[in-house]
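Protein chains in written order, with our numbering: chain A, 107 to 407; chain B, 15 to 388; chain C, 918 to 1427.
A hint or two may mislead.
[Said to hold, decoys possible] Examples of chain A residues lying across from chain C (beta carbon under 10 Å, computed):
#1 269
#2 271
#3 277
#4 373
These aren't lab readings, by the way, just hints derived from the structure by calculation.
Quick caveat, the model's predicted, so the values are computed rather than measured.
By construction, the Cβ of each residue, glycine as well, lies at the ideal position given by its N, Cα and C atoms.
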Amino acid sequence: MLSKLLLLISNTVMYSTPLAFGALGGLISEKSGVTNIGLEGMMTIGAATGVSAAYLSGSPWVGFLCAGIAGALMALLHAVASISFRADQSVSGIAINLLGAGASLFLVRIVFGSLNTPPVPKKLPRIFSDSSVLGAFSRLNFEVTAVIAFILMLVIWFIFAKTKWGLRISSVGEHPRVADSLGLNVYKIRYICVITSGFLAGLGGASMTLSILSNFVPTAISGHGFIALTAVIFGKWKPVGVYLSCLFFGLAQALVIQLGGGSLLSSQIVAMLPYVLTVIVLVVFVGRSVGPKASGVPYEK
Amino acid sequence: MDRVSKILRSQFTFAVIAIFIGFLVAALVLGATGYNPLEVYSILFKGMFSKPRYIMNIIIKASPIILTGISFAFALRVGLFNIGVEGQYIVGTIAAAVVGILFDFPSYIQFPLVLLAGTLAGGLYGAISGLLKAKRGIHEVITGIMFNWIAFYAGNYIVNLERFHEPGTTTTYQINASGLDPIYNWKMSEAGLEVIRNNEFIREVIGKTSANIGIIIAIIVALTIHFILKNTTIGYELRAVGMNKHASEAAGINVAKNTIQTFLIAGAIAGLSGALSITGVSHRLFELMAQENYGFNGLSVALMAGGSPIGCIFAGLLFAGLTYGGGTIQLEIGAPSEIIDILIGTIVFCMALVSLIPLIINKINQRGGKKDVK
Amino acid sequence: MRIQEDYAVQMRGITKRFGTFTALDSVDIDIKRGTIHSILGENGAGKTTLMSILYGLLNADEGEIYINGKKVDVKNPNVAIEHGIGMVHQHFMLVENFTIAQNIILGMEETKGFGVIDIDKANKKILDIIEKYGLEVDPNAVIEEVSVGMQQKVEIIKALYRGADILILDEPTAVLTPQEIEELLNIMHKLVDDGKTVIIITHKLKEIKQSAEKCTILRRGKYIDTVDVANVSEEELANLMVGRAVNLVVDKSPAKFGDVVFEIDDLYVKNEKDLYAVKGLNLKIRRGEILGIAGVDGNGQKELVEAITNLRPTDKGEIKINGKEIQNTSPKNVIENKVATIHEDRQKVGLVLDFTVAENVILETFNKPEYSKRGIILKDKAVKKAKELIKKFDIRPDDCENLPVKGLSGGNQQKVIIARELENNPDLLIAVQPTRGLDVGAIEYIHKTLVQERDKGKAILLISFELDEIMNLSDTIAVIYDGAIVDTFEQGTIDERTIGLLMAGGKVNG
């Protein structure tokens, strides 16, 4: 019984980690007033770049960092389109998803010659290099990325709750004209937030391929970016809520793996459940989603 | 100056510029990774146009995404982001396959029935998203994504049900012959086989392909939707709500009804697309490892078409052509076929930047002494 | 005049163009330190543009700015703030779900390491300002929950928090009761006594007479004159503002009332926060009567209109037109029962900006047989009707039937709405802030139209925050406070001071 529970906890944390990176990134972007539907593409390019860089350099941390940079570059495109060109942010996001997916496959093909890469020489580590240190609780030897995601959540909470940067970002997302009238540079703040969101999404992608899996496959990131987006709304645009929502989705995924042993039929139904559950929870509890007032609206001086 | 600004401002020009930039960027990427862009492009075009059979295959591949593109573009007109088009497509395939297997009426009833089943299923599935948005304010992107996955798993579930599952395969039984595409049934008939035996062109273009009437239906739907939007009261209402739902509501238009109605129509078109895939190409439901992206590709098509239903016809053909021809690049020259994804992604990205051009137009006009366009 | 140190602000040759439109044409202005200086002009004269340039929100194409005798290039608000200029905007620049304190310190936060905001230090600084100038606010209240009068005080504190010596107030009295206006005047005097300079942008002649020492008049982007307020009358100011003789009073023949056509009984309506905004409201309007509701914004007017037009549910009570109940039916039903509405926000609720004039004209009637047959829109009929209305209401440009309505000026947009609503031949016409943001010519036209319709026997419900408009136009004046009608008066039987008292919730003897 205990071992099953520990396995569940371990899997929950594992699956929620990429989501947490993506969702926290999405949160930052949204708080500054830019909708980021392109999380999927940014996570994918992160996943691909992470593996490629780790393979070429031999170090998973180099891969991890490069993944973030790749995501940030992708986000830069989104920022240029949405902020400077005042394009429709949803459309730009979709374009980013396409470019991200295409560029990822292309990159992997160039580096490895195939779409399914060989495993990386070294994965990102766990907290303790030797799980047996924890004895019966060896399952709780979480990946380092999970810890980083948790700390990230705390940092972001702190920024928005206590610091002037959080106040300024929120003002830009709620009422950019006010921020502008007080001398804040709306464009600059939005650019920084969007690029940061891409960086985090890239890290999220890499946390999938360098930590959970150990290689890249075309389906490494399939829908995670959109689930991350859902988590932002679920969590009502609050860092702690968003993180908990990611745990919820991670739990759902873990349950699917653990319970979906039975006949082929029930596995499909079980796989469906997280999505059905999400809709039900949205309808019953969240209702009218109210995000930052200026989110999705380009700012014109 | 007026003529120039009119040309610059037209959707068509944007698309042409975007396509040009797409090819340019892809060429740069190819060059940077050691491939000759001109060589790659010539293989691409050979793979698209060098045989009549290829062109037919492009048309066949284009039909489903033209329809899903129209579905997305239609909803976009009303300000709705129907990302659930993928799920509506899948639901269409499911309904078509189920009805096609369960019933076996004479073909002049069965074929329309199968298509109708897919259309209705897609419409109802879409309407649920519409209802949730209208009554509970839940964003359609979220419900769309969720419903896509639900439909995906539901499809696999159906495939594995005993009633439908063909033993020893990962598919259902084939749908009854009466429900298959008329062109397919003709080419399998006595008369058809005779013509194919004797006529080389027909043999090439119809015998060796999955030729079906999907493209014809797609074109009819495009023209119909265009007409509806431009000339009917329904189209007027939808456009009003899309542009300003507050003013529309105050003027007595029922916004909730229109939202649901839009998703119903968009879903129906996507469902029809799914049904046509079953009758015309796959003839049965397959178990899927991943979403096939007929819906998502429709998004790209709609965006490349600048949101115009008729534009979707051309954008769909372009998309299908590039992906079809692109498949040969890997074989012939070893360059990654994924360059096509980058090409298409760049085109869509450029179309997303489109709001830039009106700003340029304003500057041109202002020097000439006309009022601001805004 | 030379550039002098005892002048807080001097601007020379300021020119600003937006495309081919010249908003300001070589404007000069001199504002002496320690005075209250008003800038007068119609809507669109350039007053706000001029001050936005002073505050760095806009940059002039030509011209110079001198502050306390020194030339300053005011590139952005930060530079303006550095030089002691603060601006209180007409539409408050406040983040609705921030607290008052957060709004005040935004962009200028006191921090104590790692960017953490030092709330205590900020609060102390705010309390100091509150005490010094009598600006009573609760720093921890959330903006969307405080009154409009208090929000304005927050804006003033914001400017003072940043060390403003020169305060620009843009249309400060637009949303205040007469009593609150008096309070504001006291605050302005306290500021001036403290050596500060106050610049008021306004189109309200009475307030200029009450508060300012000097008045600079702008007309269509050009400098007209600067006068000593004590030496001019309101009429003279109005003439300078418009460039011709202006009739300040509306021409109205005595009213001829018919029977009651519109009735509201004990109405209760909830607002967004699920609290009652309309609490037991009663109202009767007769044919041929203009009933004006006087009140401060936020006392239930918005919810009242939305309940009548069915854009909001009614919790309790009845709304009857011609004896028929119309609450909780549908906007369409209300329109079909001959109730027409000119909504407050013409761009958000009145028009579909991207539609052409013709398309907007049929917004309520496109389903009717005149404009559609078997589901197909009869476009020529719509265009024909639009042409007819353009001529009848003198909408400019006169060939705009196929142009997007967003290209029309505010006044012409409002005319399109009025034309459309009157086509319905309503029994009741509701006009909410019908002349907001319009120039004197358009205002005169709309007032004339309302009186004309009243003379034709229609009932008109006028809701406006401009007390003058209510008092000039209405046959009957009703005062709304806290969601109910406090009292009703015949025109001419009540003075402004008493109305102001009632609007603020005071009680009158008798």
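Verification of the hints:
Residue-level restraint check for residue 269 of chain A holds (minimum Cβ-Cβ distance to chain C is 4 Å; threshold 10 Å). Because the beta carbon of residue 271 of chain A sits about 6 Å from the nearest beta carbon in chain C, less than 10 Å, this interface hint is met. Interface hint at residue 277 of chain A: satisfied, since its Cβ lies 5 Å from the closest Cβ of chain C, which is below the 10 Å cut-off. Using the Cβ-Cβ criterion of 10 Å, the hint placing residue 373 of chain A at the interface with chain C is not satisfied: the shortest such distance is roughly 45 Å.
Hint 4 alone, counting from the list given before, is not met by this structure.
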